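> Given next are the chains, with one letter for each unit.
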Amino acid sequence: MNNRSIAAQDFLCAVTINAMIPLANERTLQAAFYILRGRKANQTLQDVHLYHLYPYYRMFPRFSKEDWEKIVSTLLQEELIVQLPAVTPTSKPSFSITEKGIDQAEQWKSAFQLDRWNEPFTESGLAEKIELFWQRLHLLVQTVSQLLSGDLGFFPVVSDKKIQQWVKNQLASHTAREQWQKRLGEELHTLWSPLPEDVQKLLIGQLSGATQVGKTLGQLAAQQKESAFYLQLPFRYGLAMSILQLQEDPVRLPLLSHLVVQTEKWDTRLTESAARTYTLVQRGMSIEQIADARKIKKSTVEDHLAEIALRCPEWDCSAYLEPTLSALIIQTSEQLQTSRLRLIKDHLGEAVSYLQIRLALARRQGERWT
Amino acid sequence: MNRILLEKLQLHFGHASFRPGQREIIERLLSGQNVLAILATGGGKSVTYQLPALLLPGITVVVSPLISLMIDQVQQLRTRRRIPAAYVNSSQDPAESREILRELGNGVYKLLYISPEKLQQPYIQSVLKRIGVSLVAIDEAHCISQWGHDFRTDYLRLPDAIKHLGNPPVLAVTATATEDVRKEISQLLQIAQENVMSQPLNRENIALDLVRVSDEGERREQVLQLMDELKGPGIVYCSTRNAVEVLVASYQLQGSKRVHGYHGGMESMERMLIQSQFLLGELDVIVATNAFGMGIDKPDIQYVIHYQLPSSMEAYAQEIGRIGRNGQPGYAVLFYVEDDWQIHQHMVEKEYPTQLQVMQFFQAFKTAASANKDAWGPTEMTEEMVQMLTFYAEQTGLDQEVAAASDSGAEHVQRIWQETEKRKRLKKQKLYEMLRYVEDVNDCLRKKLNRYFGEEQVAFTLHCCSCCGLDRQAYQGDRTNTTNKKDENSWDLRQALEKLLPKK
Ligand SMILES: [Zn+2]
Chain A
1 MNNRSIAAQD
11 FLCAVTINAM
21 IPLANERTLQ
31 AAFYILRGRK
41 ANQTLQDVHL
51 YHLYPYYRMF
61 PRFSKEDWEK
71 IVSTLLQEEL
81 IVQLPAVTPT
91 SKPSFSITEK
101 GIDQAEQWKS
111 AFQLDRWNEP
121 FTESGLAEKI
131 ELFWQRLHLL
141 VQTVSQLLSG
151 DLGFFPVVSD
161 KKIQQWVKNQ
171 LASHTAREQW
181 QKRLGEELHT
191 LWSPLPEDVQ
201 KLLIGQLSGA
211 TQVGKTLGQL
221 AAQQKESAFY
231 LQLPFRYGLA
241 MSILQLQEDP
251 VRLPLLSHLV
261 VQTEKWDTRL
271 TESAARTYTL
281 VQRGMSIEQI
291 ADARKIKKST
301 VEDHLAEIAL
311 RCPEWDCSAY
321 LEPTLSALII
331 QTSEQLQTSR
341 LRLIKDHLGE
351 AVSYLQIRLA
361 LARRQGERWT
Chain B
371 MNRILLEKLQ
381 LHFGHASFRP
391 GQREIIERLL
401 SGQNVLAILA
411 TGGGKSVTYQ
421 LPALLLPGIT
431 VVVSPLISLM
441 IDQVQQLRTR
451 RRIPAAYVNS
461 SQDPAESREI
471 LRELGNGVYK
481 LLYISPEKLQ
491 QPYIQSVLKR
501 IGVSLVAIDE
511 AHCISQWGHD
521 FRTDYLRLPD
531 AIKHLGNPPV
541 LAVTATATED
551 VRKEISQLLQ
561 IAQENVMSQP
571 LNRENIALDL
581 VRVSDEGERR
591 EQVLQLMDEL
601 KGPGIVYCST
611 RNAVEVLVAS
621 YQLQGSKRVH
631 GYHGGMESME
641 RMLIQSQFLL
651 GELDVIVATN
661 AFGMGIDKPD
671 IQYVIHYQLP
681 SSMEAYAQEI
691 GRIGRNGQPG
701 YAVLFYVEDD
711 WQIHQHMVEK
721 EYPTQLQVMQ
731 FFQAFKTAAS
741 ANKDAWGPTE
751 MTEEMVQMLT
761 FYAEQTGLDQ
771 EVAAASDSGA
781 EHVQRIWQET
791 EKRKRLKKQK
801 LYEMLRYVED
811 VNDCLRKKLN
821 RYFGEEQVAF
831 TLHCCSCCGL
841 DRQAYQGDRT
851 NTTNKKDENS
861 WDLRQALEKL
871 LPKK
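Protein chains in written order, with my numbering: chain A, 1 to 370; chain B, 371 to 874.
Simulated from the structure, these hints should not be mistaken for laboratory data.
These numbers come from a predicted model, not from an experiment.
Fair warning: there could be bad hints in the mix.
As the list claims (entries may be wrong) - Which residues of chain B face chain A? A partial, calculated answer using Cβ under 8 Å: (1) 444; (2) 446; (3) 450; (4) 642; (5) 650; (6) 652; (7) 861; (8) 863.
Said to hold, decoys possible - Under the rule of at most 30 Å between Cα atoms (straight-line distance), these lysine-lysine pairs were calculated in the DSS-like manner: (9) B:818 with B:553; (10) B:720 with A:65; (11) B:817 with A:168; (12) B:874 with A:168; (13) A:161 with A:295; (14) A:129 with B:553; (15) A:161 with B:480; (16) B:817 with B:794; (17) A:161 with B:668; (18) A:225 with B:601; (19) B:480 with A:162; (20) A:225 with B:869; (21) A:201 with B:869; (22) A:201 with B:533; (23) A:168 with B:873; (24) B:818 with A:182; (25) A:70 with A:40; (26) B:794 with B:736; (27) A:345 with A:298; (28) A:161 with B:499; (29) B:480 with B:668; (30) B:873 with A:162; (31) B:601 with B:817; (32) A:168 with B:668; (33) B:874 with A:162.
All C-beta atoms in this analysis are idealised placements derived from N, C-alpha and C, irrespective of residue type, glycine included.
Please build the complete structure, drawing on both the sequences and the hints.
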């Protein structure tokens with residue numbers, strides 16, 4: 001193993017254990033894997049919210065099971081974490097972080113500047129926005145660069161049809177094309193000049209145009225003798241900062257702010273499927289009716305309700321959860337110092353359903369960050 | 371006529387003269403005959419239908435199975451050659467296709483690229499029939515042959531579609547085809563014997579080498595060394611994604627060239643970047659699965675290394691055919707270890723259904739679930755397998771009604787399974803032919819390769835093959851260190867942006 005792969009392994013361990021700390025004693029070992037990979041399942045999305053793991057969500061979308069297992073076995077071997085068996089036959093096994101683990105996590109955190117790179121990730125949905133933003137920007141820069149050189153016979157670097165159509169629409173009129181050609185470089189300069197130099201290099205190095213072919217993140221990593229996993233952090237940081245800046249002050253960058261305008265037809269606080277359910281909920285349909293109408297499982301509708309409770313503070317969920325019961329659930333959760341549904345349910349007994357516990361917890365979480 | 375042809379050639383394609391065979395093909399098409407053209411990759415096949423398209427009234431339809439190729443060609447036609455062209459395929463959203471069909475109806479285009487399954491659609495056929503199709507060109511025509519290495523079920527429906535278009539002249543184009551395949555194409559598309567035209571298949575400027583090694587370790591060592599020594603740019607073909615990744619990783623530990631992997635498991639943006647870098651000479655070597663190369667036009671590729679045994683002689687000929695399209699001497703070397711064939715054997719087994727899977731297919735088909743992709747979940751069948759089974763089901767006369775009337779469908783299941791088994795045997799036969807090529811060590815490789823495609827040519831430029839004797843050193847370059855220059859120390863954001871987006 002060469003130095004680079006040792007450093008890569010250290011870095012992955014650093015990220016993993018820091019993502020694991022809030023999940024210890026409450027979730028399985030795999031929960032952190034799903035978060036880092038960016039699984040779109042409800043359990044994962046809720047974990048991200050409950051434990052404030054926004055920076056870690058979709059940090060490594062191409063993380064493989066083998067990579068993951070290697071990391072977990074290293075963490076176990078070094079006694080940074082220990083496995084905890086399931087308490088009851090129906091509950092799931094968990095894990096805890098050793099004191100050595102906590103120390104090591106702190107050391108790594110500063111060695112890899114995790115706090116610095118994670119700083120912009122304070123809201124949900126930023127991880128998904130980043131990917132869309134990058135694809136649009138990448139193709140837009142390539143197309144404008146080719147327009148400027150007067151040569152339109154090129155391979156579009158993004159093959160996604162929706163992105164291609166979006167860029168086409170942006171450049172549809174003659175005036176729009178003129179504007180983009182005249183001002184894109186200037187706006188990018190304004191947008192990126194506040195960023196650290198190494199982040200600027202990462203962003204520009206990956207872009208393609210008439211005069212350069214972009215490098216992949218892996219190639220840039222090889223050049224800098226870094227691991228590609230590590231470079232993912234400053235790269236995401238640069239994109240997140242760009243998006244936040246554009247959302248905050250769209251007037252200053254009139255062209256680039258088009259990249260962050262929402263154009264989807266559904267309520268973007270929710271996943272598309274949950275948004276559909278929400279429309280039916282607002283029409284007063286019951287869980288059974290919705291499951292029937294949408295040909296999905298009842299449990300899926302319940303997942304959606306939890307998502308809606310979390311992200312849509314205006315929704316009145318008293319039809320499913322009376323305020324007094326909600327208060328009781330929250331009280332129990334605080335008393336037991338846990339967000340584990342099973343433990344709360346065991347304590348409260350048959351009188352409450354899992355759905356009610358989930359709604360109550362989601363509501364509490366939703367209130368914290370709105 | 372001659373003068374007009376040459377003028378158009380000069381005006382739109384920038385060539386002063388035709389390449390061998392091109393003029394004869396075009397003249398026969400213009401006189402209304404069907405033609406089968408066997409043209410070496412890079413032998414200028416697109417001119418043979420793009421030029422007639424300009425001279426004929428109405429529209430020329432080009433059938434192609436490769437979406438990326440379609441997009442690329444249409445873009446080139448529009449921007450470089452100023453020929454109005456469009457494409458219709460499954461990657462478009464319906465609104466986009468509708469818009470193109472509307473423009474098509476107004477006679478905006480001279481060429482339409484279309485995927486075979488889209489050409490089956492009655493609505494598209496009726497639009498085309500109304501404006502009048504003067505020529506149908508079928509790219510990768512060997513896909514129509516059940517004897518071919520790359521048979522596609524939707525190609526077999528093309529003769530019907532052509533009939534619906536009013537039987538315009540047909541040009542079938544392929545790079546590689548054995549005698550059997552030529553016969554089958556000609557018969558299906560009604561091409562007369564004298565209208566089968568082929569450029570000589572023999573590539574005189576490519577030297578053929580064959581290396582048998584005893585184990586994987588020895589193979590890797592030799593290939594890694596060659597990648598360093600041979601004069602690039604070059605391609606190394608591996609049979610699996612895993613082999614690609616392992617080879618690239620081991621090369622990067624000590625190699626000095628700019629090397630990158632390429633396979634279907636990579637993100638599409640990454641694949642595009644790597645491909646463009648290779649085309650522009652920013653990479654020296656691509657290590658790839660057979661996913662790389664289709665539709666790529668890079669004339670200066672100097673060598674192709676086959677890290678493992680290819681799956682067929684056709685695939686092999688196609689892959690080494692990418693060497694030296696600029697006419698410069700090039701080098702093809704095939705490495706193999708005795709049990710290489712097992713990988714392919716395994717892949718073939720996975721590609722075709724078991725009898726149980728055919729039964730499961732029948733049950734799903736019966737309940738009309740075939741339209742719903744989720745219904746196939748538990749059977750672990752790939753989409754390709756379902757497509758193949760649906761095709762053979764139709765071929766054996768099975769439809770929903772017949773299926774519903776039959777309980778277990780034992781008879782149909784048997785017949786469908788026999789058909790797929792036949793295909794499977796054929797694939798194994800192809801593999802066996804490939805194996806014969808590497809195992810028979812006493813014969814000239816060029817002779818064996820060309821003879822497989824029914825040709826007796828043996829001429830060569832620099833070297834013939836490892837059997838007749840060749841000097842590898844002739845293909846080696848100076849081992850200059852081409853790794854990336856040091857990053858410039860001073861970074862200037864404005865400068866970097868202006869390089870990419872120069873001020874107008
Ligand atoms: Zn020879």
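> If a hint holds in the structure, say so; if it doesn't, say that too.
Now for the hints, and whether the structure bears them out:
no., hint, verdict
1, 444, "violated (10 Å)"
2, 446, "holds (6 Å)"
3, 450, "holds (5 Å)"
4, 642, "holds (5 Å)"
5, 650, "holds (6 Å)"
6, 652, "holds (6 Å)"
7, 861, "holds (5 Å)"
8, 863, "holds (5 Å)"
9, B:818 with B:553, "holds (21 Å)"
10, B:720 with A:65, "holds (23 Å)"
11, B:817 with A:168, "violated (52 Å)"
12, B:874 with A:168, "holds (21 Å)"
13, A:161 with A:295, "holds (29 Å)"
14, A:129 with B:553, "violated (55 Å)"
15, A:161 with B:480, "holds (24 Å)"
16, B:817 with B:794, "holds (28 Å)"
17, A:161 with B:668, "holds (26 Å)"
18, A:225 with B:601, "holds (27 Å)"
19, B:480 with A:162, "holds (27 Å)"
20, A:225 with B:869, "holds (25 Å)"
21, A:201 with B:869, "holds (13 Å)"
22, A:201 with B:533, "violated (58 Å)"
23, A:168 with B:873, "holds (22 Å)"
24, B:818 with A:182, "violated (60 Å)"
25, A:70 with A:40, "holds (24 Å)"
26, B:794 with B:736, "holds (25 Å)"
27, A:345 with A:298, "holds (20 Å)"
28, A:161 with B:499, "holds (29 Å)"
29, B:480 with B:668, "holds (27 Å)"
30, B:873 with A:162, "holds (29 Å)"
31, B:601 with B:817, "holds (26 Å)"
32, A:168 with B:668, "holds (28 Å)"
33, B:874 with A:162, "holds (29 Å)"
Hints 1, 11, 14, 22, 24, counting from the list given before, are not met by this structure.
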